[in-house]
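When you get a sec, could you build the whole thing from the sequences and use the hints?
2 protein chains.
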Amino acid sequence: MLIFIGTGLWDEKDISLRGLEYAKNSDEIYAEFYTSKPSTTIEKLERLIGKKVNLLERADLEERSIEIVKKAKDRDVVILVPGDPMIATTHSSIRVQAEMCGVKSKVIHSSSIVSAICGITGLHNYKFGKSATVSYPYGDTVSRAPIDVIHANQSIGAHTILFLDLHPEPMRIDKAIGILEKIDKKVSNLFGVGIARAGSEDCVVKCERLEKLKKFDFGDPMHILVILAKLHFTEYEYLRVFANAPEELETIVN
Amino acid sequence: MLIFIGTGLWDEKDISLRGLEYAKNSDEIYAEFYTSKPSTTIEKLERLIGKKVNLLERADLEERSIEIVKKAKDRDVVILVPGDPMIATTHSSIRVQAEMCGVKSKVIHSSSIVSAICGITGLHNYKFGKSATVSYPYGDTVSRAPIDVIHANQSIGAHTILFLDLHPEPMRIDKAIGILEKIDKKVSNLFGVGIARAGSEDCVVKCERLEKLKKFDFGDPMHILVILAKLHFTEYEYLRVFANAPEELETIVN
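Line by line, the protein sequences give chains A and B. Residue numbers 550 to 803, in the numbering used here, belong to the letters of the first sequence in order. Residue numbers 550 to 803, in the numbering used here, belong to the letters of the second sequence in order.
Worth flagging that the hints you see were computed from the coordinates, not collected in a lab. Keep in mind that the hints are not guaranteed to be accurate.
For chains that are exact copies, the list does not tell them apart, and a pair is met inside one copy or across any two.
[Claimed, not checked] Once the Cα atoms are required to be at most 20 angstroms apart in a straight line, the calculated SDA-like pairs of lysine to any residue come out as:
#, residue 1, residue 2
1, 724, 760
2, 676, 704
3, 755, 566
4, 779, 697
5, 655, 786
6, 593, 570
7, 755, 649
8, 724, 782
9, 779, 611
10, 655, 746
11, 655, 752
12, 676, 638
13, 655, 791
14, 573, 597
15, 761, 727
16, 655, 789
17, 600, 615
18, 755, 648
19, 593, 575
Structure (structure tokens):
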């Protein structure tokens with residue numbers, strides 16, 4: 550069996566008791582730090598589980614995944630995945646491939662930025678719309694996708710989570726806002742919430758207009774950015790208290 | 550300090566190592582099974598943590614929350630919450646109240662249906678739009694909110710998660726579809742994915758048009774329902790393999 554185990558939001562302590570139990574009982578363990586950058590190491594995972602953990606590279610996941618699937622034919626093979634598995638489509642493709650090869654699979658869930666964002670920002674879960682990724686420009690070409698998604702979401706009063714590109718290095722909030730402004734100057738005026746190191750003891754959350762957020766020092770990655778639609782009063786209140794939001798944020802309360 | 554700890558998707562084994570550590574080191578522990586129905590008991594939580602766990606009722610959360618906040622002034626007080634904390638706005642209100650009273654707080658995240666839905670259905674995380682709750686009718690009055698949200702999401706090509714009312718008892722998928730059809734007969738023709746007991750060993754997932762899904766036997770609650778927008782081909786493929794979707798689902802592949 551092929552078992553995808555989420556290691557959760559920040560470090561190895563975010564794995565669930567169920568996840569740790571499955572890992573300890575497995576025959577072979579792999580980990581990938583490609584679809585997200587967890588704040589743990591192979592060594593810490595090995596110490597926790599008490600077994601060897603093999604690091605998978607991008608090509609192992611995207612080109613040679615059949616090799617891992619084959620190993621799972623008659624053994625219990627675990628893939629440790631940062632956050633909650635299957636948020637990255639890379640994992641769901643491997644799960645379909647396994648089933649096609651007659652290999653059963655299982656997913657052990659864990660914490661993810663997708664739900665944690667509500668506790669961090671106070672934004673209501675039911676008001677988030679589609680999400681998008683801000684990618685590094687490819688030569689002179691910049692993907693318009695994040696701006697299109699922000700506009701689509703605003704047309705239905707929904708907030709937008711923007712994931713920031715990880716490769717070649719985790720993108721920072723100032724860089725991401727710069728890229729958005731190049732596509733559409735008007736975004737500078739929108740309110741956003743920047744988040745650094747979600748799930749850690751030194752998580753930083755700050756709400757401001759993007760033009761000001763760009764100058765705020767969030768410290769080290771991982772960073773993530775939320776673009777706000779109209780707010781419920783309790784969302785405003787939470788952002789004032791926990792994200793040092795300016796008073797003028799009240800202008801977008803519905 | 551007031552510490553909200555998520556116990557995760559299904560039972561007490563879904564708590565994270567970090568969550569368990571914080572609970573063990575705390576002075577006083579409460580749990581609430583009101584905002585969701587976890588498949589655990591106070592006794593199992595007590596055995597796991599090795600301390601007394603006090604059950605909170607609705608009124609403790611919504612009317613008398615100041616009492617718990619006060620206890621957290623000079624002690625570490627834990628509230629165990631099903632899923633990931635702060636998905637329910639009840640919790641975020643208490644966190645704001647605590648801060649106003651000068652009581653620091655912390656959130657320990659865990660797995661939630663909000664991200665787990667991707668692994669269960671294969672639907673891409675970035676394509677989910679706003680969510681809504683299907684409520685029991687209040688006399689003759691039925692809330693139009695879920696239908697309005699489905700339409701808004703479909704206008705931007707987004708899937709819709711529908712949470713089903715929990716009180717007085719957890720609503721089942723057939724009942725929820727019946728309520729939706731009463732507001733708008735045309736929903737019967739939409740494709741949906743029904744999910745029962747997410748995160749458990751006997752999780753059931755089935756994709757069909759709502760009129761047929763209504764007749765499918767999902768077994769015991771908790772149930773949840775996703776209404777599909779246009780699909781990416783890989784979403785179609787995953788639903789065919791893991792949710793027994795009919796071939797005609799291909800008609801909504803984009």
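- Item | Alpha-carbon proximity context of residue 724 and residue 782, limit 20 angstroms | For residue 724 and residue 782, neither the intra-copy (30 angstroms) nor the inter-copy (32 angstroms) Cα distance is at most 20 angstroms.
- Homomeric proximity label, residue 724 with residue 760: Cα distance no greater than 20 angstroms: So residue 724 and residue 760 pass the 20 angstroms test inside one copy only (12 angstroms; across, 48 angstroms).
- Query: Given identical chains, is residue 676 near residue 704, meaning Cα to Cα at most 20 angstroms, within a copy, between copies, both, or neither?
  - Reply: Both: 12 angstroms inside a chain and 16 angstroms across chains, each within 20 angstroms.
- Task: Can you give me the call for residue 755 and residue 648, within, between, both or neither, at a CA distance of at most 20 angstroms?
- Result: between (44 angstroms within a copy, 17 angstroms between copies)
- Using 20 angstroms as the alpha-carbon threshold, which applies to residue 779 and residue 697: within, between, both, or neither? both (18 angstroms within a copy, 17 angstroms between copies)
- Within, between, both or neither, where residue 573 and residue 597 count as close if Cα-Cα is 20 angstroms or less: both (9 angstroms within a copy, 19 angstroms between copies)
- Item | Same-copy or cross-copy closeness of residue 655 to residue 789 [CA-CA at most 20 angstroms] | between (41 angstroms within a copy, 17 angstroms between copies)
- Task: First find the shortest C-alpha distance between residue 593 and residue 575 inside one copy, then the shortest across copies, and answer within, between, both or neither for a cut-off of 20 angstroms.
- Result: within (18 angstroms within a copy, 25 angstroms between copies)
- Item | Alpha-carbon proximity context of residue 655 and residue 791, limit 20 angstroms | Close across copies (11 angstroms), not inside one copy (37 angstroms); limit 20 angstroms.
- Message: My question is about residue 761 and residue 727: at a cut-off of 20 angstroms on alpha-carbon distance, are they close within one copy, between copies, both, or neither?
- Response: For residue 761 and residue 727, only the intra-copy Cα distance (12 angstroms) is at most 20 angstroms; the inter-copy one is 49 angstroms.
- Can you give me the call for residue 676 and residue 638, within, between, both or neither, at a CA distance of at most 20 angstroms? between (23 angstroms within a copy, 12 angstroms between copies)
- Message: I want to check one pair: residue 655 and residue 746. Are their C-alpha atoms no more than 20 angstroms apart within a copy, between two copies, both, or neither?
- Response: Only across copies: residue 655 and residue 746 sit 15 angstroms apart there, 29 angstroms inside one copy, limit 20 angstroms.
In terms of the numbered hints stated before, the structure departs from hints 3, 8, 9 and 17, listed from lowest to highest.
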